[in-house]
Structure formats: structure tokens, C-alpha cells
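Residue 256 in UniProt numbering sits at position 256 of the sequence shown; the count goes up by one each step and never skips.
The set of hints was computed from the structure by calculation and includes no laboratory data. Every residue gets a Cβ at the ideal spot worked out from N, C-alpha and C, and that includes glycine. There's no promise every hint is true.
[To be verified] Pairwise CB distance ranges, derived in the manner of DEER restraints:
no., residue 1, residue 2, range
1, Asn165, Pro89, 32 to 40 Å
2, Asp312, His230, 18 to 26 Å
3, Arg171, Gln148, 39 to 47 Å
[What the hints assert, rightly or not] In silico DSSO-like cross-links for lysine-lysine, where the CA-CA straight-line distance does not exceed 27 Å:
no., residue 1, residue 2
4, Lys210, Lys150
5, Lys150, Lys123
6, Lys210, Lys82
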Amino acid sequence: MENRAYVFICICILAAVGVILFSPRFDKHMHNLYSVPYRIPPPSRAPSKSPSPPPTTSPSTSPEPTWEDPGPYHVAYPRNYKFIMDDTPTCRTTTPFLILIVPVAPGDKAARDAIRKTWGNEKLVLGQVVETLFIIGLPGGADAEQQQEKLREENLQHHDLIQSNFQDSYRNLTIKTMVMLEWLAAHCVKASYVIKTDSDVLLHVQNLVKLLLDPSTAKQNYMTGVVWWHSPVIRDPKNRFYLPFDIIKEPEYPPYPLGMAYVMSLDLPAKILSVSPHIKPIYIEDAYLGMCLKHLGISPTDPPEQTMFIVDPRHPLSNCILSKVVAVLTTGITQMTSYWERSRQPEAKC
């Protein structure tokens with residue numbers, strides 16, 4: 001009797017275990033348990049005694065925005081360009097009356113050296129402090145890194161280079177000009193005037209200072225040079241200055257001084273920058289400045305004498321003419337140096 005009772009109890013226990021093992025809820029529970037992913041620590045490393053903190057992400061810097069392609073007739077401005085070489089004492093430890101600023105190609109050290117030895121070396125003129133600077137962008141080409149190192153060495157010697165991180169090219173002259181104005185507006189508000197000049201131009205600095213000291217020369221809203229009053233918008237696609245009708249509808253540009261050399265009072269850079277966001281910049285830099293001036297309601301001024309600014313370098317100039325000029329476009333370093341030497345001779349008068 002006792003054996004039968006024992007067998008009956010065993011059968012009940014086995015039946016209960018079978019029900020549990022084959023029930024759907026148990027099967028699902030075991031599946032979930034063994035399907036949880038986990039990683040066995042490497043044999044060479046003991047398991048951590050305390051749980052590792054969750055991974056942290058370092059604060060990411062905002063990537064540069066993706067800018068819209070400006071297309072063939074506009075330029076990439078404004079952008080967040082930065083000055084990557086800028087240790088000149090000009091307008092920091094000095095307050096010049098006049099700044100001579102030369103946009104120049106990064107690789108054109110010969111032109112910079114020629115200017116440093118000639119009119120760019122004139123520091124005190126008619127009692128006024130004059131300082132010369134060069135503005136450049138990034139060099140291009142396969143040897144860009146080597147060019148950049150040479151620029152650093154050059155600036156260590158002269159401390160007269162201002163470099164921004166836009167790509168330096170002829171097509172980017174408007175960017176170069178606007179970056180130049182940004183630097184002037186940021187640093188040189190206490191100076192009086194600036195002349196922007198190309199690297200192949202002779203400046204007669206004494207004649208320029210004399211013009212600017214004349215009581216009839218405006219102290220504000222002043223811009224002069226070879227003023228083009230009725231410059232047509234070129235519609236010929238074969239011309240390098242071509243602009244289609246959908247870019248500029250007017251047949252003429254607003255008046256502007258030719259880009260080879262123009263003078264401005266140093267209140268103008270900030271004013272031009274203030275209106276530039278409202279005027280989409282074209283790649284023709286001097287014409288674009290004229291568009292900004294029109295928006296400001298400012299008109300450029302003709303120089304007192306038309307012979308002060310000479311554009312055509314093909315005809316040699318006499319000593320008499322050289323004694324009267326402010327800026328002359330030349331054929332290159334040799335002619336520019338010759339003109340400068342002749343202009344300094346006592347007999348270089350009419």
C-alpha cells in the first residue's frame with residue numbers, strides 16, 4: 001500500500017514538471033533570457049568590478065555651413081573668412097595718416113620687394129605717417145604648402161602681410177577687396193585715408209599726401225581715382241567682363257573708380273560693409289564697390305587733375321608728367337622702378 005502511494009506521488013511530480021517545461025509562458029521566458037545580447041570580457045582582462053559609465057560624447061564643434069555655389073558671375077561673399085596671418089603693427093601701435101594697401105598674388109614676392117624698395121618705403125611724407133601693407137589669400141597649386149611657408153618667413157622679416165583664408169585668384173578679387181575693407185574697418189578707424197593699388201602701379205606718395213592735406217579734400221564719404229561715370233555692362237559672352245541681363249538689368253554700372261588705384265576716407269570701409277549684404281557681389285570688384293556706393297547715396301569724386309591717375313602704360317612718361325602724377329599703371333617692375341627713381345630727381349619738374 002505504501003509503495004502504491006509513493007509511485008502515485010512520483011507520477012504527480014513528473015506530470016507537474018512536464019506541464020511547466022512545455023507551457024508557452026516558460027518557453028517564452030527562456031527564449032528572452034538567452035536572447036539578451038552580452039559580451040564575454042577578453043581573457044586577458046578581468047571583468048570590471050563596477051559597471052562602466054555610459055560613453056560620453058565630447059561637445060562637437062559646428063561644421064562649416066554648406067554654402068550655395070555662387071555661380072559664374074558672383075563670388076562667395078560674405079562668408080566666415082578669417083585672418084590667418086596678421087601681426088602687423090599698423091593701426092595697432094601706430095596711427096598712420098595714410099595706408100597704402102596692395103592686393104597681390106601670394107607668389108609675387110618680386111612685386112612686393114620692388115614696392116618695399118621704392119614708394120612703399122616712404123614712411124614720413126610732408127610730416128604725415130604713411131604705412132604700406134600687402135593683402136593676400138591662400139596660395140594654390142601643388143606647391144601651396146611650400147608657398148605658405150615662404151610667406152611665413154617673409155612676414156617674419158617684414159610684418160606687412162595680411163592673409164585671409166579665401167582662395168587667392170583673379171576671379172576672387174571681390175572677396176579680396178571686401179576682406180581688405182573688413183580689416184581696415186576693424187583696425188584703422190583712427191587713420192584718415194587709404195589707397196588701394198595694384199602691384200604694378202607707381203605711386204607718387206608725396207603728391208598723394210599733398211592732395212589729401214588740401215583743405216578742399218573731403219574728410220568723409222570720399223573716394224577718388226579714375227572715375228568711370230558711364231561704364232556699360234558688357235553683354236558679349238566672349239568678353240571676360242561679360243554679365244548677362246538676369247544678373248544686372250541696367251545698361252550701365254553706377255559710377256566707380258577704376259580698380260588699379262583708388263583712394264577712400266577711412267569712414268567708408270565700415271559703411272560699404274554695412275550695405276554689402278543687400279547687394280549680391282559680382283566678380284568685378286571695382287564695379288561692385290560702385291554698386292555699394294550707390295546704395296549708400298555716395299558718389300565718387302574726380303581728382304583735381306585728370307593726369308593724376310594714368311591708366312595706359314604703353315606710352316613712356318616725361319619727367320614733367322611724372323612730377324604731377326599720383327598713380328600710374330606700369331608694364332611691370334622695371335618700368336615702375338625707373339619711374340620712381342626719375343620722379344625723385346630734383347630736375348623732375350616742368
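Taking the hints in turn, this is what the structure says about them:
About 22 Å separates the C-beta atoms of Asn165 and Pro89, a value inconsistent with the hinted range of 32 to 40 Å. For Asp312 and His230, the hinted distance range of 18 to 26 Å is satisfied, since their beta carbons lie about 19 Å from each other. The supplied range of 39 to 47 Å is broken by Arg171 and Gln148, whose beta-carbon atoms lie about 20 Å from each other. Simply put, Lys210 and Lys150 have alpha-carbon atoms about 37 Å apart, too far for the 27 Å limit, and the pair is violated.
Between the alpha carbons of Lys150 and Lys123 the distance comes to roughly 25 Å, so the proposed pair stays at or under 27 Å and holds. Note on Lys210 and Lys82: the hinted pairing is violated, with a Cα-Cα distance of about 35 Å set against a maximum of 27 Å.
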